[in-house]
Structures are given as C-alpha cells and as structure tokens.
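With these hints in hand, go ahead and build the complete structure from the sequences.
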Amino acid sequence: MELKKGNLSIDSENIFPIIKKWVYSDHDIFVREMVSNGCDAITKLKKLDMMGEYELPEGYKPKIEVIVNPEEKTMKFIDNGLGMTADEVEEYITQIAFSGATQFLEKYKDKTTEDDMIGHFGLGFYSAFMVADEVQIDTLSYKEGATPVHWASQGGTEYEMQDGNKTTVGSEITLFLNEDSLEFANEYRAREILEKYCSFMPVEIYLSKANAEPEYETINEEDLLDTDTVIEHIEEAPKDDADNKEGEGEKEEPKKKVKILKRPVPINDIHPLWAKNPSECTKDEYIAFYRKVFMDYKEPLFWIHLNMDYPFNLKGILYFPKINTEYDSIEGTIKLYNNQVFIADNIKEVIPEFLMVLKGVIDCPDLPLNVSRSALQNDGFVNKVADYISKKVADKLVGMFKTDRENYEKYWDDISPFIKFGCLKDEKFGEKMKDSMIYKNLDHKYLTLEDVIKESKGEPEKADEENTENANAQNAEEKTEDGSAEEENKEEEKTRIYYVTDEVQQSQYINMFKAQGQDAIILSHNIDSAFVTYLEQKHQNIQFLRIDADVHESLKDEVTEDEKEEFQKTTDSLVEIFRKELNNDKLDVKVEKLKDDKIASMAVLSEQERRMAEMMRMYGMNGMDPSMFGSQATLVLNANHPLVKFLVEHKRSKNVPIICKQLYDLAMLAHKPLSPEEVTAFVQRSNEIMLLLTK
Numbered sequence: 009m010e011l012k013k014g015n016l017s018i019d020s021e022n023i024f025p026i027i028k029k030w031v032y033s034d035h036d037i038f039v040r041e042m043v044s045n046g047c048d049a050i051t052k053l054k055k056l057d058m059m060g061e062y063e064l065p066e067g068y069k070p071k072i073e074v075i076v077n078p079e080e081k082t083m084k085f086i087d088n089g090l091g092m093t094a095d096e097v098e099e100y101i102t103q104i105a106f107s108g109a110t111q112f113l114e115k116y117k118d119k120t121t122e123d124d125m126i127g128h129f130g131l132g133f134y135s136a137f138m139v140a141d142e143v144q145i146d147t148l149s150y151k152e153g154a155t156p157v158h159w160a161s162q163g164g165t166e167y168e169m170q171d172g173n174k175t176t177v178g179s180e181i182t183l184f185l186n187e188d189s190l191e192f193a194n195e196y197r198a199r200e201i202l203e204k205y206c207s208f209m210p211v212e213i214y215l216s217k218a219n220a221e222p223e224y225e226t227i228n229e230e231d232l233l234d235t236d237t238v239i240e241h242i243e244e245a246p247k248d249d250a251d252n253k254e255g256e257g258e259k260e261e262p263k264k265k266v267k268i269l270k271r272p273v274p275i276n277d278i279h280p281l282w283a284k285n286p287s288e289c290t291k292d293e294y295i296a297f298y299r300k301v302f303m304d305y306k307e308p309l310f311w312i313h314l315n316m317d318y319p320f321n322l323k324g325i326l327y328f329p330k331i332n333t334e335y336d337s338i339e340g341t342i343k344l345y346n347n348q349v350f351i352a353d354n355i356k357e358v359i360p361e362f363l364m365v366l367k368g369v370i371d372c373p374d375l376p377l378n379v380s381r382s383a384l385q386n387d388g389f390v391n392k393v394a395d396y397i398s399k400k401v402a403d404k405l406v407g408m409f410k411t412d413r414e415n416y417e418k419y420w421d422d423i424s425p426f427i428k429f430g431c432l433k434d435e436k437f438g439e440k441m442k443d444s445m446i447y448k449n450l451d452h453k454y455l456t457l458e459d460v461i462k463e464s465k466g467e468p469e470k471a472d473e474e475n476t477e478n479a480n481a482q483n484a485e486e487k488t489e490d491g492s493a494e495e496e497n498k499e500e501e502k503t504r505i506y507y508v509t510d511e512v513q514q515s516q517y518i519n520m521f522k523a524q525g526q527d528a529i530i531l532s533h534n535i536d537s538a539f540v541t542y543l544e545q546k547h548q549n550i551q552f553l554r555i556d557a558d559v560h561e562s563l564k565d566e567v568t569e570d571e572k573e574e575f576q577k578t579t580d581s582l583v584e585i586f587r588k589e590l591n592n593d594k595l596d597v598k599v600e601k602l603k604d605d606k607i608a609s610m611a612v613l614s615e616q617e618r619r620m621a622e623m624m625r626m627y628g629m630n631g632m633d634p635s636m637f638g639s640q641a642t643l644v645l646n647a648n649h650p651l652v653k654f655l656v657e658h659k660r661s662k663n664v665p666i667i668c669k670q671l672y673d674l675a676m677l678a679h680k681p682l683s684p685e686e687v688t689a690f691v692q693r694s695n696e697i698m699l700l701l702t703k
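Under this note's numbering, the very last position in the sequence shown is 703; numbers go up by exactly one each time.
Incorrect hints may appear among the rest.
[Unchecked claim] As a list, the in silico DMTMM-like pairs of lysine to aspartate or glutamate whose alpha-carbon atoms are at most 20 angstroms apart:
#: 1; residue 1: Lys669; residue 2: Glu696
#: 2; residue 1: Lys399; residue 2: Glu357
#: 3; residue 1: Lys546; residue 2: Asp459
#: 4; residue 1: Lys265; residue 2: Glu293
#: 5; residue 1: Lys291; residue 2: Asp317
#: 6; residue 1: Lys306; residue 2: Asp421
#: 7; residue 1: Lys306; residue 2: Glu288
#: 8; residue 1: Lys598; residue 2: Glu561
#: 9; residue 1: Lys69; residue 2: Glu96
#: 10; residue 1: Lys572; residue 2: Glu600
#: 11; residue 1: Lys448; residue 2: Glu414
#: 12; residue 1: Lys433; residue 2: Asp443
#: 13; residue 1: Lys572; residue 2: Glu589
#: 14; residue 1: Lys594; residue 2: Asp604
#: 15; residue 1: Lys453; residue 2: Glu501
#: 16; residue 1: Lys436; residue 2: Glu361
#: 17; residue 1: Lys442; residue 2: Asp536
#: 18; residue 1: Lys453; residue 2: Glu361
#: 19; residue 1: Lys594; residue 2: Glu584
#: 20; residue 1: Lys151; residue 2: Glu61
In short, the hints are calculated from the structure, not lab data. Bear in mind the structure is a predicted one, so any value in this text is a computation, not a measurement.
This is the structure in structure tokens:
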C-alpha cells in the first residue's frame with residue numbers, strides 16, 4: 009500500500025484540545041480505554057475461534073503488554089487480538105470515531121462541567137490524545153494474507169496510513185507523550201493507574217519498562233517451564249547434618265536448581281471473586297479479597313454475594329464493614345465495573361443511596377454506558393438494577409434474622425445505622441425490614457418492635473388534666489342517645505415507648521426506671537432522631553418519649569385527697585423560692601413526691617419541645633431564642649427529699665440561694681451538658697459547699 013494521507017472528517021478546527029479539556033480531572037482514563045480496546049480485540053478473536061472462523065495458534069496465550077519508556081517519552085499498548093486491515097483502520101479509526109466526535113462536540117460544546125464522555129461516543133481510542141502529541145498504530149489482521157498497517161496522527165485533523173512491518177497478529181499503539189504528561193512514562197505511576205482501572209480485566213496485563221536491567225529468580229529444576237529463559241543450572245550441596253551418623257540412612261543428594269529470567273507477573277486478576285459461584289468461595293477468600301481491594305485490614309462483619317443472570321446480568325459482593333464510630337458509617341466505597349472494567353466509585357444512580365456506607369464491587373455488563381451519567385438516573389433499567397440490589401440486601405438481612413439471630417444481634421449495633429437510613433430512603437426496603445428490626449433494651453437484650461410494645465408498661469397518651477376535663481364536659485354535652493359522638497371524639501390511646509439516647513448522661517433516669525421495673529430502649533445514633541419519627545408515622549398506635557421527657561407515673565407516690573391542699577402550698581412556695589434565687593421568673597418548676605428519696609431534683613423536657621429544639625439546631629437556627637418554642641427544661645423537685653423540705657421550712661436561711669442553684673445545676677447535669685460558664689460556676693459553688701462542711 010502506498011503512503012496515504014487524508015483529512016479527518018470533522019468540522020471542528022481541532023477535536024483534541026477539547027477532549028483534553030473535557031476529561032482533564034481524569035486524564036489517566038486513557039489507560040483504561042487503551043487496555044479495554046485490547047481486551048475487546050482479544051475477546052473477539054477468541055469468539056471467532058469458537059465459531060470455527062479462525063483457529064488460534066497452538067500455545068496461544070491472550071495478553072496485553074504495557075511498556076513505558078521514560079527515555080523516549082513513550083507508552084506502548086500491545087495486544088494479540090484480532091488486529092485490523094487497512095480498510096478496518098480507515099473505517100473504525102478515521103470515520104466512525106470522528107463522526108462520533110462531531111456529534112459529541114455539537115451536543116456538549118456549551119457545557120463545562122459534564123462528566124467523562126470518553127468511551128461513551130466511540131471516542132475511546134482518541135482519549136490517547138489527552139496525553140500524547142502523536143499516536144501511532146501498528147496492526148496486523150488475523151485474516152489470511154492480511155498486510156500490516158501503520159497509521160499515525162499528530163493530534164490535528166490530518167493522518168497518514170501506509171504498509172507496516174508488524175509480523176504478529178494484533179495491534180500495537182504507541183503514545184508519544186506531551187511535556188505535561190511525562191508522568192505516565194514512569195513505571196510506578198503506570199502501575200498505579202493500571203491497578204486502579206484494570207485490576208480485574210479478563211485478559212492478563214503485563215507492565216514493563218523498556219531497556220530495564222533484567223531481573224532473575226532461582227527455582228527448583230522440577231518447576232522449570234518450557235517458556236522460561238534459562239540462565240544457568242545450579243547444584244546446591246546438601247547441608248551438613250551433625251546427627252546423621254555414618255552408615256545410617258541414605259546420603260542426601262545435591263539439590264538441582266535453575267536460575268531463570270524472572271517470570272513476568274500480571275498486574276491483574278482475570279478471575280475476580282465476584283465472578284465465581286458463591287458456593288465455590290471460602291470465608292478466607294472473601295476476607296482476602298476485601299483486604300486487597302479496600303486496603304482495610306479490619307475483618308468485615310459479613311457479606312452478600314450477588315449473582316444474577318436474568319432479567320439482567322449482575323454480579324458483585326457487598327461487604328458490611330466494622331464501624332468504629334458513628335462517623336465511619338458516612339463514607340463507604342462501592343466500585344462499579346462493566347465486564348470487569350472499572351467504571352467509577354459510588355455511582356448513585358446504580359447504587360441505592362443508603363448502601364453507599366458499605367464497601368463492595370458490582371459488575372453489570374448490561375449498564376447503558378453509552379449515555380451520560382445524568383441520563384442514568386432516568387433510565388428504567390438502571391432503576392431496576394438499584395431495586396434488585398436493595399432487595400437482595402434486605403433478603404440477606406431478613407434471612408439472617410430468622411436463621412442466625414445470634415450473629416444478627418452481634419452485628420446489629422454496627423449495621424443498624426445504615427438499615428435505618430435505608431428504611432428512611434427506600435420504602436420497599438423499609439417494608440421488607442419492618443419485622444426484622446431489633447431494639448436494645450436497658451439490660452442490653454434485643455427485642456423486636458412487637459416485643460417492645462408488648463412489654464411496655466407505659467400509660468396511654470393523655471392530655472393534661474384541664475384539657476381532659478374540658479373534653480369530657482364537652483363530650484357529655486354533645487353526647488347523643490346512642491353515644492356515637494363520644495366514640496368519635498374519644499382520643500386515640502397510644503402505647504408509650506421510652507428510649508435512651510445517652511446511657512451515661514441519662515444514667516439517673518435509667519436507674520430510677522430500673523428500680524421500678526420499667527424498661528426503655530437505647531437509640532443512641534444520630535439517625536435515631538429521624539427514625540423515631542418514621543416509626544411513629546408507620547405505627548399510629550405508638551408514641552416515643554425520651555426517658556427524661558416526663559416523670560413516669562411509676563416513679564411517683566400518689567398525693568392523697570387529704571394532702572392535696574398542703575401539697576399545693578408547698579409547690580407554690582418552692583416555685584417562688586427558685587424563681588427568685590435563680591433570677592428567672594419564667595422558670596418551670598414542678599413538685600412531685602418521688603419514690604426514690606435519694607434524688608432531690610431532676611429536669612424534664614417534653615418530647616415535642618425537645619424535637620423542636622433539635623430541628624432548630626439541625627437547620628442552623630441556634631441563634632433563635634429557644635423559649636420562643638417553649639423548649640426550656642422543667643425543674644422537677646422531690647418533695648420527699650430532706651433538702652427540698654429544708655427549703656420549704658427555712659425560707660430565710662442564708663444557705664437557701666446556694667442550695668437552690670446547686671439543685672438546679674445537678675438536675676441539668678443529668679439532663680444535658682452544661683455550658684462552660686455554668687460548669688465554672690458549678691465547680692466554684694461545690695467548693696463553697698465543701699468549705700461550709702468544715703465549719
């Protein structure tokens with residue numbers, strides 16, 4: 009073939025600077041594209057062999073070689089796939105790709121932040137021009153009598169094509185790197201990129217450095233292969249054995265070894281664990297794969313092996329990692345592959361959002377990668393993939409709950425945040441998981457919600473006494489002869505479920521509950537605030553109250569009819585004293601006769617007001633006055649405690665102010681952390697009280 013020159017069929021003045029601009033943030037993507045093209049060429053050749061249209065040579069070993077040459081500033085990609093004829097180079101390299109490039113430019117010329125498009129529009133080969141001033145192709149087709157072809161372009165709109173001198177079937181692509189991309193001629197940088205994108209590609213990939221000093225290794229002679237390059241044969245004399253007496257046993261023969269040129273080692277695993285049948289995989293293999301891929305040497309809790317062939321092809325492994333703190337659960341890594349080619353981490357359109365906290369790999373060859381990332385979200389197939397993954401995770405968890413409850417409970421504290429997040433984000437997932445959710449009680453035993461409701465001794469929700477009396481009076485007036493109005497207006501009774509958010513902070517309340525045989529559940533993660541609301545919406549017959557939201561009826565002694573008048577006077581007196589000494593005329597003070605006479609004071613904040621305060625903090629409304637929403641804690645005083653009795657009986661004592669302030673701070677300490685100023689005042693006051701004891 010004579011030298012052929014031509015202009016590329018493209019209207020743009022130059023496609024390549026635009027390609028560079030598009031994918032600048034991921035300009036190492038060209039390595040994936042070059043190797044992927046080589047894998048495709050090898051796969052096609054093997055299919056032709058299977059169909060009888062071509063016979064692979066004896067001893068054929070599919071492989072891709074990547075050779076870096078820092079001296080010549082080049083990078084080569086060599087495959088032994090099906091190669092190309094001159095007509096195919098013309099068709100696949102100069103026409104189709106540039107036709108696609110024209111469409112690409114027309115559609116995306118006005119966009120500046122679009123995701124990586126290389127490989128999505130037939131432009132995979134041309135990603136090489138992101139890093140190269142010139143690209144050359146030397147190729148020889150598998151077809152009988154084919155002539156080798158040499159093609160070259162310097163990144164403009166011109167190319168040259170002529171007969172080449174390649175003697176083996178396949179393609180060799182040479183990139184002459186530009187000055188800004190010389191890093192890719194570095195062997196270590198090239199290895200890093202290949203491991204990032206090509207660790208599990210289905211064809212063995214070998215990386216080498218041109219003109220590198222040869223490396224050697226010594227092996228036993230019986231391990232020698234026909235493909236090894238022998239440097240020398242070695243005989244190792246047997247070691248002296250002092251215990252081997254003359255004439256006893258046979259004399260040890262010299263060990264025969266061979267020094268060979270070091271065997272090349274592929275950088276990839278062509279049979280990744282996810283591609284195997286789950287029944288063929290061992291626990292050790294799952295753990296080793298996890299550590300290799302995610303560089304996490306903590307052992308995962310458990311894993312789910314996805315293996316689906318219909319209605320779409322999807323395989324993968326999802327690991328549930330050990331979470332050390334509640335913040336660890338925020339960041340996970342799920343790697344998406346397409347036919348063992350790495351695509352990206354954490355693609356939200358494919359991976360349900362709540363599963364992003366996991367670590368894993370998913371390989372889905374059927375994903376429509378010929379569309380932009382933004383279009384994936386609206387693709388019906390992609391939604392089915394996400395739904396399937398969510399369903400398989402739920403199935404695994406439900407199965408574990410039913411058949412392996414012991415381990416399920418052992419893992420629960422680590423996995424519950426993401427399960428709760430899944431319930432909030434995915435209605436189908438929440439519906440499947442509803443009967444498998446468990447809750448830890450004060451004795452650290454795990455109960456289902458049904459168990460919690462059954463064992464709960466909380467009273468039905470009631471309005472305050474005044475509202476109740478008014479409602480009863482109104483109902484009595486409106487009651488019809490058959491009583492139907494009364495039934496319609498009757499307030500729905502709800503089962504109260506008490507919960508704890510901080511076992512240390514709320515220990516006083518917990519001890520009081522336990523003393524009276526009451527129970528509560530522990531909901532200590534950040535997500536539990538939203539999850540409690542979710543549960544109340546799903547179960548209209550229950551109401552959640554934090555353990556310090558009110559004084560439980562079982563903790564109080566009843567005030568008899570004869571005591572009511574005197575008790576009211578005591579209450580009025582204490583309210584007046586505390587408001588005066590604390591200089592707060594809006595302070596809520598409540599007096600109760602607590603069964604535990606060791607507790608002088610405590611603080612409560614109604615569930616509704618506390619949730620309002622939390623919402624204010626969540627939306628950055630900290631600057632607003634909490635009293636606008638009534639979110640000030642109520643001080644509860646124990647009328648049975650000697651200190652409280654002292655205040656009532658000795659109103660004019662000089663120690664009243666210090667006792668009032670100390671009782672208030674002690675109550676708040678068990679309710680929430682004090683501010684720095686409050687802590688300082690509390691410590692100083694405590695010292696003063698100890699000094700009083702010395703007098």
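For each hint, the structure was consulted:
Straight-line distance between C-alpha atoms of Lys669 and Glu696 comes to about 12 angstroms, which keeps the hinted pair within the 20 angstroms bound. For the proposed pair Lys399 and Glu357, the alpha carbon gap of about 16 angstroms is at most 20 angstroms, so the pair holds. At roughly 16 angstroms between alpha-carbon atoms, Lys546 and Asp459 fall within 20 angstroms of each other, so this suggested pair holds. Between Lys265 and Glu293 the alpha-carbon distance is near 32 angstroms, which puts this suggested pair outside the 20 angstroms criterion.
As the CA atoms of Lys291 and Asp317 are separated by approximately 24 angstroms, the hinted pair breaks the 20 angstroms bound. Between Lys306 and Asp421 the alpha-carbon distance is near 16 angstroms, which keeps this suggested pair within the 20 angstroms criterion. Only pairs whose Cα atoms come within 20 angstroms are accepted, and Lys306 paired with Glu288 is rejected, the gap being roughly 23 angstroms. The suggested pairing of Lys598 with Glu561 holds, with an alpha-carbon distance near 14 angstroms, which does not exceed 20 angstroms.
Of the pairs offered as hints, the one joining Lys69 and Glu96 is violated, with about 24 angstroms between alpha carbons and a cut-off of 20 angstroms exceeded. Using a Cα cut-off of 20 angstroms, the hinted pair Lys572 and Glu600 holds, with the two alpha carbons roughly 12 angstroms apart. A hinted pair counts as satisfied when its Cα atoms are at most 20 angstroms apart, and Lys448 with Glu414 qualifies at roughly 14 angstroms. Of the supplied pair hints, the one linking Lys433 and Asp443 holds, its CA atoms being roughly 17 angstroms apart against a limit of 20 angstroms.
The hinted pair formed by Lys572 and Glu589 fails the criterion: a straight-line CA distance of about 26 angstroms is larger than 20 angstroms. Distance hint between Lys594 and Asp604 is unfulfilled; the C-alpha atoms sit about 28 angstroms from each other, more than 20 angstroms. In summary, the hint linking Lys453 to Glu501 is not supported, as the alpha carbons are separated by about 27 angstroms, beyond the 20 angstroms threshold. Annotation: proposed proximity of Lys436 to Glu361 holds, straight-line Cα distance about 14 angstroms (limit 20 angstroms).
At roughly 15 angstroms between alpha-carbon atoms, Lys442 and Asp536 fall within 20 angstroms of each other, so this suggested pair holds. The straight-line distance between the Cα atoms of Lys453 and Glu361 is roughly 30 angstroms, outside the 20 angstroms bound, and the hint therefore fails. Note on Lys594 and Glu584: the hinted pairing holds, with a Cα-Cα distance of about 11 angstroms set against a maximum of 20 angstroms. Between Lys151 and Glu61 the CA atoms are separated by roughly 10 angstroms; this keeps the pair inside 20 angstroms, and the hint holds.
Comparing the model with each earlier hint shows violations of hints 4, 5, 7, 9, 13, 14, 15 and 18; every other hint is respected.
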